[in-house]
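Novice: The primary structure of each chain is shown beneath.
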Amino acid sequence: MNKTIKRVLGMNEFYVALIIVILATFIQVKSGLFFAVNNIVDLFRAIVVNAIYALCAMFAFVSTGADVSFPMIAGMSTYIIFRLGATTSIPAFILVLIAILIGAICGCVNGFFIVKYHFNSLIVTLSTSSICYGIAFGALKGVRISVPEPFAWFSSWNILRVTSEKTGLSASLHGAFLVMVVLYILAYLVLNHTMVGRAIYAIGGDEISARRAGFHVDKIRFGVFVVNGIIAAIGGICYACMSRNCSPMEYYGGEMIVIAAIVLGGVRLTGGHGSLLGCFLGTFLLGMVSNSLTMIGVSVYYQNVFLGIIIILGASIAAIQATRSMRVRSDVE
Amino acid sequence: MSKRTRLDSDFLRMLIILIALLIFAGVTRGSAFMSVLNFQTIGKQLTEYGLMALGLAMAMITGGIDLSTVYIANLCGALAALMMKSMAPQGQIGGILLACGVALIVGLICGGLNGFLVSVVKVPPMLATLGTYELFYGITIVLSNGKSITSIAAFKKFASTMVFKVPLPFIIFVVAAIILSIIVSATPFGRRLHLVGVNAKAAAFSGVNNVKVITMAYMTSGLLSAIAGLISLSRVASVKADFGSSYVMMTILIAVLGGCDPNGGWGEIPGVATAVIVLQVISAYLNTIPWINNYYRQALYGLLLLGFMTYKYYRVKGRRR
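Sequence order for the protein chains is A and B. So in numbering that gives the first Met the number 0, spot 107 of the first sequence is number 106, and the numbers just go up one at a time. So in numbering that gives the first Met the number 0, spot 82 of the second sequence is number 81, and the numbers just go up one at a time.
Same shape as in the complex, but just chain A (with noise of 0.2 Å):
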């Protein structure tokens, strides 16, 4: 019993839960409108997208290194296929398949650079940033454009809607809420119950021990961004339709909030460490920032200095926490 506690307390995901339960306590206080149902509704419906992207963000940091290209990605591929679902009359199914197909290449050309020629991943990744943001906007004009008709369903597709009796405001729950939890129990199975997901770990945590262990440290390397690639063109969609539009400038620079989220949620930039449930509790930590900070009176253009704040003191504290560790161990030696 003791040894569990004592294995919570060690838990970085415990202390977000509690950061989180805090500021919802002094949110409800100040406001007394934080625990109405259209909020906590609200709340979910607002992280849906970048917890998708939070996926990305982990896999490549566990495993490599930073991914800055997962919104670009996201919004080159959703950008193209709305245009086609637009312009002809090809099924929702197949202009998916076919997103998939631009996200995985994009996540190709991420692969082949960082494998092949071991590169900074940041340094690549912000290369084919710009290139799909070059693509996006210089080739195929990027526009803004509504939802085409075989989205229409989707974008309109609400799994659940809640009226709050205080107030009166209602919220709804969007479908995509669905595919982010599939894709987040696809994903623990695969991280937790799989050699893949152990190599994902391994490769991050120790290379050339990894190696030695028998893992096809390069296969798996390409494989984590060819997957971060469909992952954020999956991102995308969710992210159009729940908009209703697409406008591939709104997913410029949407890496930052991700960056930040994972980081509090415990993920380690240096690799090897990072966990699902520190991922979405990051991510609804600030989800949670960003939709409250009005409720409490503070001018949104605070936002970005508080987003600054918690990246800085997330890492500054984990960093602390790595060199600590280290000192522990050389101690042992």
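If you're looking for bench data, these hints aren't it; they were derived computationally from the structure. There's no promise every hint is true.
[Unchecked claim] Under the rule of at most 25 Å between Cα atoms (straight-line distance), these lysine-lysine pairs were calculated in the BS3-like manner:
hint, chain 1, residue 1, chain 2, residue 2
1, B, Lys121, B, Lys211
2, B, Lys84, B, Lys200
3, B, Lys239, B, Lys146
4, B, Lys84, B, Lys146
5, A, Lys115, A, Lys218
6, A, Lys29, A, Lys165
7, B, Lys311, A, Lys218
8, A, Lys218, B, Lys316
9, B, Lys316, A, Lys115
10, B, Lys239, B, Lys156
11, A, Lys115, B, Lys311
12, B, Lys211, B, Lys84
[Stated by the list, open to error] One side of the interface only, derived from the structure: several residues of chain B facing chain A at Cβ under 10 Å:
hint, residue
13, Gly130
14, Tyr132
15, Asn286
Computed from a prediction, not measured in an experiment: that's the story for all the values here. Idealized CB from N, CA, C, for every residue including glycine.
With the hints as your guide, set chain B onto chain A.
Specialist: Coordinates of chain B only, in the frame set by chain A:
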């Protein structure tokens, strides 16, 4: 010894590319390109991201990266613009100088914060500067209420001043590049900078004060960004929190083109400075082609970066054999 030749080759390669580009542009575009006015524009435009790229190069030599340069520049620009408005609405020289001084000090402090996070707290540089980037961006939004701040009329003259037909900003860039070149290649500090980048642990054991060296590198980057912010305030006559967000990509591209190794330890300033000019010449040349819009440029930079890194990979590999 081998290091010396390698560094020179980076600078030389960029110089050859620059000359080839100028000849190519001159032949294909003729007098429209080879005019004094065009070169003045080139000189004026490159200064802002050129200074930031020099700062990034300093960070990259120590094995880090500085993603916050653009937002340090915007923060300092916004601060200076606000101070000038309240203290020197008619363009009193004292107020302007004070505002500039404060902006430069703020730039140093911002850089110092980066350096502190990287060297003392040991946050990975990418993440530390990502966090401060968001923080500085946020502070600028708060300062400006999310709108753009216009510059006072008198300060606009600063960027449009010509010295013997050479724009003043370009002279500032050249002077900064020369000073930094000397610091990096001919002083003990420059040697320590490289040593920390190659192997921080070995540097610490051989008596280098890593914290001081890294902090100094990031502070230099902050200072250069602040200067860039002031120049951009003067040139564009206004400042906005998200101005120049595409410069982040450009500065990284320039530093890598100029011979910096993202993993640290390699890189000299002359190569980077020449790469700045090369990129601006390419950009100016693309401007003369009507069907190429700004967005293609972004894609081209991405391709260039990947292509150049691949090229260097094979060069280094070939030499090792």
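Novice: Next, verify each hint and record whether it holds.
Specialist: Hints, one by one, checked against the model:
Among the hinted pairs, Lys121 of chain B with Lys211 of chain B is consistent with the structure: their alpha-carbon atoms are about 13 Å apart, no more than 25 Å. The hinted pair formed by Lys84 of chain B and Lys200 of chain B fails the criterion: a straight-line CA distance of about 48 Å is larger than 25 Å. This hinted pair checks out: Lys239 of chain B and Lys146 of chain B have alpha carbons roughly 7 Å apart, not beyond 25 Å. For the hint linking Lys84 of chain B to Lys146 of chain B, the alpha-carbon distance of about 15 Å falls within 25 Å, and the restraint holds.
About 10 Å separates the Cα atoms of Lys115 of chain A and Lys218 of chain A, which keeps this hinted pair within 25 Å; it holds. The suggested pairing of Lys29 of chain A with Lys165 of chain A holds, with an alpha-carbon distance near 16 Å, which does not exceed 25 Å. For the given pair, Lys311 of chain B sits about 24 Å from Lys218 of chain A by alpha-carbon distance, which is consistent with the 25 Å threshold. For the hint pairing Lys218 of chain A with Lys316 of chain B, the CA-to-CA distance comes to about 22 Å; that is within 25 Å, so the pair holds.
Between the alpha carbons of Lys316 of chain B and Lys115 of chain A the distance comes to roughly 13 Å, so the proposed pair stays at or under 25 Å and holds. For the given pair, Lys239 of chain B sits about 19 Å from Lys156 of chain B by alpha-carbon distance, which is consistent with the 25 Å threshold. Straight-line distance between C-alpha atoms of Lys115 of chain A and Lys311 of chain B comes to about 14 Å, which keeps the hinted pair within the 25 Å bound. In summary, the hint linking Lys211 of chain B to Lys84 of chain B is not supported, as the alpha carbons are separated by about 36 Å, beyond the 25 Å threshold.
Evaluation of the Gly130 of chain B hint against chain A yields a held restraint, the C-beta minimum of about 4 Å falling below 10 Å. Hint on Tyr132 of chain B holds. Least Cβ distance to chain A is approximately 7 Å, under the 10 Å limit. Residue-level restraint check for Asn286 of chain B is violated (minimum Cβ-Cβ distance to chain A is 14 Å; threshold 10 Å).
Checked against the numbered hints given earlier, the structure breaks hints 2, 12, 15 and satisfies all the rest.
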